[in-house]
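The listed protein sequences derive, respectively, from chains A and B.
Read in the numbering used here, the first sequence has 62 at position 41, and its numbers run on one by one without any break.
Read in the numbering used here, the second sequence has 177 at position 171, and its numbers run on one by one without any break.
It is worth saying that the hints were derived from the structure and are not from the lab.
A couple of the hints might just be wrong.
Stated by the list, open to error - Here are the simulated distance ranges between beta carbons: (1) Gln-27/B to Leu-176/A: 26 to 34 Å; (2) Arg-171/B to Lys-51/A: 55 to 63 Å; (3) Trp-46/A to Glu-84/B: 46 to 54 Å; (4) Ser-170/B to Asp-122/A: 35 to 43 Å; (5) Ser-170/B to Glu-71/A: 51 to 59 Å; (6) Val-182/A to Glu-157/B: 23 to 31 Å; (7) Asp-207/A to Ala-38/B: 39 to 47 Å.
Claimed, not checked - Straight line, CA to CA, 30 Å or less: simulated DSS-like cross-link-like pairs of lysine-lysine: (8) Lys-140/B to Lys-186/A; (9) Lys-115/A to Lys-68/B; (10) Lys-136/A to Lys-124/A; (11) Lys-42/B to Lys-84/A.
Predicted, not measured: the structure shown is a model, and the values here were computed from it.
Beta carbons: idealized from backbone N, C-alpha and C, even for Gly.
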Amino acid sequence: MNESYPEEEAGHREHEARMSTASFWKFFEKYDIRLRRYMIARTADSVLAEQIAIETMMYAHDKWDDLLTMERPDSWLFTVATNKLNRREAAYRKANFLREDLKSFEDDLKAVAAKDEWIETRMEIILALRLLPRRQLEVITLHFFADQKLSDIALGMNVSVGTVKQHLSRGLSRLQADKRLQTVIDLTRRIPA
Amino acid sequence: MNSQEKELADFLRFTAVGIDQVPDAEAGSRYAQFVKACKARTERQVLDQQADMDAYAEAHDKDLADYERAERAEASGELHTAAEWYRKAADNDFADSALRLADVLERIAARHLTIPSSRAAAGELHLAIEEASKSYIAALVAGDISLDEWEIHNERLINYLDPSRASTRPVLTIAASVDEPKTHGSKSRPESLYFISGDDKPSPHKTERIDTGPDQQSKR
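Kindly generate the complete structure, drawing on both the sequences and the hints.
So this is what it looks like as structure tokens:
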């Protein structure tokens, strides 16, 4: 049995709590904005996206001690947020609450872009992404925006890695055919590295 | 991935640069606001929020369990049971359950062609095809199948309703990459529906031949 004085134990607990808070702060700094922007790219309703992003980050805060035991707490974060978003969207879609057309996508993005320059400078790209079929959108945004491995994405989506690769390839092919996006890519090519 | 796809992938990586940088207006205050919001919650609100998030995780686990039950039923040939479980999972847009449901319903429809016709059987055939058609559309919209694949499935469904039409239509073909076997979800496609024709020599693209109707199925 590990014997220690109550003062030492209290000090140890306080130290652990401080470390835990410090590590959560680092996690928050690294993933909060990334999660928010990933969610905005994913859905037609940026209000819903921001709401779920905040709820998920609070959930991570409340469960931080459990998350510390995980190899990749960020994978947990993005999977939980994605699953909640998918479920909410499925319910909204059934009730015809979700507007998934070009005009609605544009209006919604303009509102977010007004307060976030990162979104504003990538409006055309995010718009092209939002127009993808949702599995392709999910794989592409999780891989490139959330920085998740294809194997982790497959686990989260409950499909094989082969299927994830297929969604990725099909999504990229569709983006290639998007003329507006092609113009943006051509313009980017002119920017010196 | 071909060179164009690689170029686009690089472009998307370039696009993501700075995704974790806080906007100037929120710099320094975002974490403070978050902590304030966390602390402002009452104990009851914290528990409610956690229960809400836990409920989503449980619902996801339930969908997974339904999907796995469907897979087991499908593997043991209990197609109606499989359809029932896939339907539950598809209702929540879980994985590729809409596509799997459509596949199972199509196989139920195919079974009806081998049994003596009755009014009840004809009704069930129509219902199965109607639901399969809707499920294939759901799979198309979700991106589980391409437009070309959907057209083939749709053509085949119409042929189930009018077998005489099938004999007048040519066998449809789609190109499939050898490196990327056509899979949906965690399993490959049922062999009764898809097969690769031609020799075994590897080539950049093989043609995957797909039956367009019950005529071809009954020949095998």
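Consistency of the hints with the structure:
Hint check: Gln-27/B to Leu-176/A, Cβ distance near 28 Å, so the stated range 26 to 34 Å holds. As the Cβ distance of Arg-171/B to Lys-51/A is approximately 59 Å, the hint placing it in 55 to 63 Å holds. Between Trp-46/A and Glu-84/B the Cβ separation comes to about 53 Å, which falls inside the hinted range of 46 to 54 Å. In this structure the supplied range 35 to 43 Å holds for Ser-170/B paired with Asp-122/A, their Cβ-Cβ distance being about 40 Å.
Separated by about 56 Å at the C-beta atoms, Ser-170/B and Glu-71/A satisfy the suggested range of 51 to 59 Å. Here the CB-CB span from Val-182/A to Glu-157/B is close to 27 Å, well matched to the stated 23 to 31 Å. Our hint of 39 to 47 Å for Asp-207/A and Ala-38/B holds, since their Cβ atoms are close to 42 Å apart. A hinted pair counts as satisfied when its Cα atoms are at most 30 Å apart, and Lys-140/B with Lys-186/A qualifies at roughly 26 Å.
The suggested pairing of Lys-115/A with Lys-68/B holds, with an alpha-carbon distance near 19 Å, which does not exceed 30 Å. Our distance criterion of 30 Å between C-alpha atoms is met by Lys-136/A and Lys-124/A, whose separation comes to about 20 Å. Of the supplied pair hints, the one linking Lys-42/B and Lys-84/A holds, its CA atoms being roughly 17 Å apart against a limit of 30 Å.
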